[in-house]
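Numbering (this note's numbering), first residue to last: 9 to 187.
Treat the hints with caution; some may be incorrect.
[Unchecked claim] Keeping only pairs whose Cα atoms sit at most 27 Å apart, straight-line, the calculated BS3-like set for lysine-lysine is: (1) K95 x K55; (2) K138 x K40; (3) K26 x K99; (4) K26 x K60; (5) K40 x K55; (6) K182 x K168; (7) K15 x K55; (8) K95 x K26; (9) K40 x K95; (10) K15 x K60; (11) K95 x K139; (12) K95 x K60; (13) K15 x K99; (14) K99 x K60.
FYI, nobody ran anything at the bench for these hints, they're computed from the structure.
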Amino acid sequence: MEKIITKYRIFIQGLEQKTHEFEFEGGDSLFKAFQEEDAYDGDFVAKVILDKNSTMLVLNFEINATLNLVCDRSLEPYSETFNITEKYIFKFGDEAEVVSDDMEVILYGASEINIAQHIFDFIALAVPIKKLHPSLRSSDSGEDEFVIYEGKEEDEEQAKIDPRWEGLAGLKSKLEDNK
Numbered sequence: 009m010e011k012i013i014t015k016y017r018i019f020i021q022g023l024e025q026k027t028h029e030f031e032f033e034g035g036d037s038l039f040k041a042f043q044e045e046d047a048y049d050g051d052f053v054a055k056v057i058l059d060k061n062s063t064m065l066v067l068n069f070e071i072n073a074t075l076n077l078v079c080d081r082s083l084e085p086y087s088e089t090f091n092i093t094e095k096y097i098f099k100f101g102d103e104a105e106v107v108s109d110d111m112e113v114i115l116y117g118a119s120e121i122n123i124a125q126h127i128f129d130f131i132a133l134a135v136p137i138k139k140l141h142p143s144l145r146s147s148d149s150g151e152d153e154f155v156i157y158e159g160k161e162e163d164e165e166q167a168k169i170d171p172r173w174e175g176l177a178g179l180k181s182k183l184e185d186n187k
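Let the hints inform the model, and build the full structure from the sequences given.
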């Protein structure tokens, strides 16, 4: 696993303060390193544009991933392509900590960053919760889930008033007319 993850290191100590471009390719081995059960099957190409200045590193990720998924409805396997664009910031500081979902503080003397976890997270978050085979997506518009009946049945119900209550209904209408 360590060998897999070291493949996604970027050495930052010797980099000039300008924009740098990196490209990483991977697949099943990265997914299995971070996900023990139901690991994704597929491959990806991650283009990382790193903008280095004296206070931070701004990384722009462009990830093209093709994953082999299983439809939740029909259990048929299918292939899905994801084009992911994300931004992540590494700020230099005295204490290493994760500040938010898209920002992390690293020590001033850090010599490298590892983006394996970030690539995995971006791909994992792009996978929809409800995985549907493309042939089933057009029928999943949701419009046919609810059937709305309009007035006709209500009119028929009012026409079928129990004869025992007709007298009461007549009294009610007389009271409303007197108001």
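**OP:** Check each numbered hint from earlier against the structure, then list the numbers of those it violates in ascending order.
**Re:** none
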